[in-house]
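**Q** Here is how the chains run, residue by residue.
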Amino acid sequence: MIRAIAEALFTDDVPLDDAMLEAFVTNIDGFMSPASKTLRAGLMLMLEALRWLPIIVMGKPATFDDLPIAARTEMLERMDRSRFSPFPLIVVAFKTMLTIPYYEDDERLRAIGYPGEARKRYLTVKT
Amino acid sequence: MSVLRGREVGAPMRAQVDAVIIGSGASGAVIARELARDGRSVLTLEEGGYYTPEEYGVLAPSQSLRRLAREAGLAVAVGLGDTPLISTLAGRAVGGSSLLTGGIIFRIPEEILHGWSTTLGLHDLTPDALDPFFTEIEEAVHAELVPEAMRSRSTELFVEGATKLGIPMKSVRRNTSGCRGASRCTFGCPNRAKMSVDISFWPDAWKHGAEVWADALVERVDVASGRAVGVRGRFLDQETGEPRVPFEVSAKMVIVACGALHSPLLLLRSGLAGPNLGRHMTLHPSFRVCALFDERVDGWDGAMQSAYSDAMMDQGITFVSAYNPPSVLAAAFPGVGKAHRRLIERVSQLAVFGGMIHDDGGGQVRRWISREPLILYRMTARDRARFFLGMQTLGKMAFAAGAKEVLLPIFGADTFKSEAELDFLTSNPPSAKRIESLSFHPLGSAKMSVSEDGGVVKPSGETWQVDNLFVVDGSVLPTSIGVNSQLAIMTMALKISRGLLRDWSRYARRAA
Chain B
1 MIRAIAEALF TDDVPLDDAM LEAFVTNIDG FMSPASKTLR AGLMLMLEAL RWLPIIVMGK
61 PATFDDLPIA ARTEMLERMD RSRFSPFPLI VVAFKTMLTI PYYEDDERLR AIGYPGEARK
121 RYLTVKT
Chain X
1 MSVLRGREVG APMRAQVDAV IIGSGASGAV IARELARDGR SVLTLEEGGY YTPEEYGVLA
61 PSQSLRRLAR EAGLAVAVGL GDTPLISTLA GRAVGGSSLL TGGIIFRIPE EILHGWSTTL
121 GLHDLTPDAL DPFFTEIEEA VHAELVPEAM RSRSTELFVE GATKLGIPMK SVRRNTSGCR
181 GASRCTFGCP NRAKMSVDIS FWPDAWKHGA EVWADALVER VDVASGRAVG VRGRFLDQET
241 GEPRVPFEVS AKMVIVACGA LHSPLLLLRS GLAGPNLGRH MTLHPSFRVC ALFDERVDGW
301 DGAMQSAYSD AMMDQGITFV SAYNPPSVLA AAFPGVGKAH RRLIERVSQL AVFGGMIHDD
361 GGGQVRRWIS REPLILYRMT ARDRARFFLG MQTLGKMAFA AGAKEVLLPI FGADTFKSEA
421 ELDFLTSNPP SAKRIESLSF HPLGSAKMSV SEDGGVVKPS GETWQVDNLF VVDGSVLPTS
481 IGVNSQLAIM TMALKISRGL LRDWSRYARR AA
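Top line first, the protein sequences correspond to chains B and X.
The opening residue of the first sequence carries number 1 in the working numbering; numbering runs sequentially from there.
The opening residue of the second sequence carries number 1 in the working numbering; numbering runs sequentially from there.
Worth flagging that the hints you see were computed from the coordinates, not collected in a lab.
Worth double-checking, as some hints may not be accurate.
[As the list claims (entries may be wrong)] Pairs of lysine to aspartate or glutamate residues, derived as EDC-like cross-links and limited to a Cα-Cα distance of at most 20 angstroms, are as follows:
hint	chain 1	residue 1	chain 2	residue 2
1	B	37	X	219
2	X	396	X	156
3	X	170	X	138
4	X	164	X	372
5	X	433	B	65
6	B	37	X	239
7	X	338	B	77
8	B	37	X	237
9	B	37	X	295
10	X	338	B	7
11	X	207	B	104
12	X	338	B	17
13	X	404	X	160
14	X	338	B	48
15	X	338	B	29
16	X	164	X	295
17	X	338	B	12
18	X	338	B	105
19	B	37	B	22
20	X	433	B	22
21	B	37	X	156
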């Protein structure tokens, strides 16, 4: 399920490779492991709900991970905009846990304009 | 050895000390140092791990959340009624939440203290009476005004917008020394520049003999004949993080400093009860408003927090500048998939400002099936209105500064492209359940009062129900204060510790 969500959130024109998908799973595990049993149970419940929600949200008799990637993205978009508050919460919870580590990669940070170690303020203070 | 890493302990441990303190954050550090300096034997038990500034300073934000924050940064207050789910950040490490604050230093506003000292009868909490305590803490943590040169362009833009709207902005004070504008204070300062208590207080406490046991979960306070006599708990396992090796500590004084989320829980587990315990908690519900500009902003260059406005304090709203590392901001951008990533690509053009509400005490912490509390919060209609007004005002500031698009913390909302589009926030606001809110200042869940039926602790910090059991953290603050709470918490801890030392012999006689 984590791989399926990550693909829906981050797939561009090129599919995500297996190593990257595994890294997403590791990152989610990194958040869930130090959390309390109740929070872990809550997150697992969210995942399980998401798995079966295509029937309600998309009207399709399939599990989330069986949907094509574009349909998964569309489903998350619909849930994000839903007025039923648990739906956007599910999206935000997993989007947050997946997005933060994804954009901690130096290369990706530079791609969005973050200069990393070459930051101006650092240099100003150093000189 | 001053810090014992409990995860490495293989056999049960016992200790006997003058004072055992539960929690090593802003309040626990202050009282540990005070007691140790006075020659008392002090042991502090901290549930979280011990990380040196060199260790936590290189952690990426996600790693920092996992290691230094409760629930890996995923703790939430569940909204009751038309209330948002509020993400609630609290530290869990030696140094506690002080590792994760933006470092802002505010004294408790005088009008708040006036209410405490008159309406609530807490006569020792006047501005004049607290002034020497505030001053002492401010010196110890090196409170300094953030120079305008350290303001990020993100902050400058909101200040420009505020100025155009006639809303004055001021520079904040922070507990920093040698800040280099890394703009990631809330994930552990990478430059040892934030004077969190692991840098400002603990070294002195350790020098005077205080010890800390890290990874030590206190499960209950031992009470005999109506008096606290010690604590017991278990060290957390290195692999699973679950409680494993037991420990017991006997002490003349037991001092609870676990913060407003956990102190009430420990007291409840230890047999204390009452209608005020775990109730009346305030959260200072916060929000951030982001804005996209045509120009390059590079908001990460500069102090993470540097300016604030109290112009709307009379309406219960405080505005404080804030920024976050790009990865954290990326997670906060609206949308999913390509739409989300297109916005993230513009993060260098993003400015951010925050606001918080001086709220009514609608929060509760309750015991349930986990060792973490169930946090419940009901936002009042007045506070909801303040929330939306604050968001609208920040949005107007952004447009006044030339923003092209404003991003409000509303689930599923598109960006807003004109000031007029923000009118709905006050004329026809959405359900608060669709709002993304944060809290960094849980307070008041074991509040101080002059009578047993009005609170949990006496003005001395000692609980009304159990002798020699003190609470010294933010849970004793009797009301919300409307400003960042670190200085308030440390000042109250200092005041309580001075009173404890003044009357030490009386308390110690009970323990003899």
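**Q** Hint by hint, say whether it matches the structure.
**A** For each hint, the structure was consulted:
no.	hint	in the structure
1	37/B x 219/X	holds, 17 angstroms
2	396/X x 156/X	holds, 15 angstroms
3	170/X x 138/X	holds, 18 angstroms
4	164/X x 372/X	violated, 46 angstroms
5	433/X x 65/B	violated, 28 angstroms
6	37/B x 239/X	holds, 15 angstroms
7	338/X x 77/B	holds, 11 angstroms
8	37/B x 237/X	holds, 15 angstroms
9	37/B x 295/X	violated, 46 angstroms
10	338/X x 7/B	holds, 11 angstroms
11	207/X x 104/B	violated, 38 angstroms
12	338/X x 17/B	holds, 18 angstroms
13	404/X x 160/X	holds, 15 angstroms
14	338/X x 48/B	violated, 25 angstroms
15	338/X x 29/B	violated, 25 angstroms
16	164/X x 295/X	holds, 19 angstroms
17	338/X x 12/B	holds, 7 angstroms
18	338/X x 105/B	holds, 19 angstroms
19	37/B x 22/B	violated, 23 angstroms
20	433/X x 22/B	violated, 33 angstroms
21	37/B x 156/X	violated, 43 angstroms
Going down the numbered hints, you'll see the structure goes against 4, 5, 9, 11, 14, 15, 19, 20 and 21, while the others check out.
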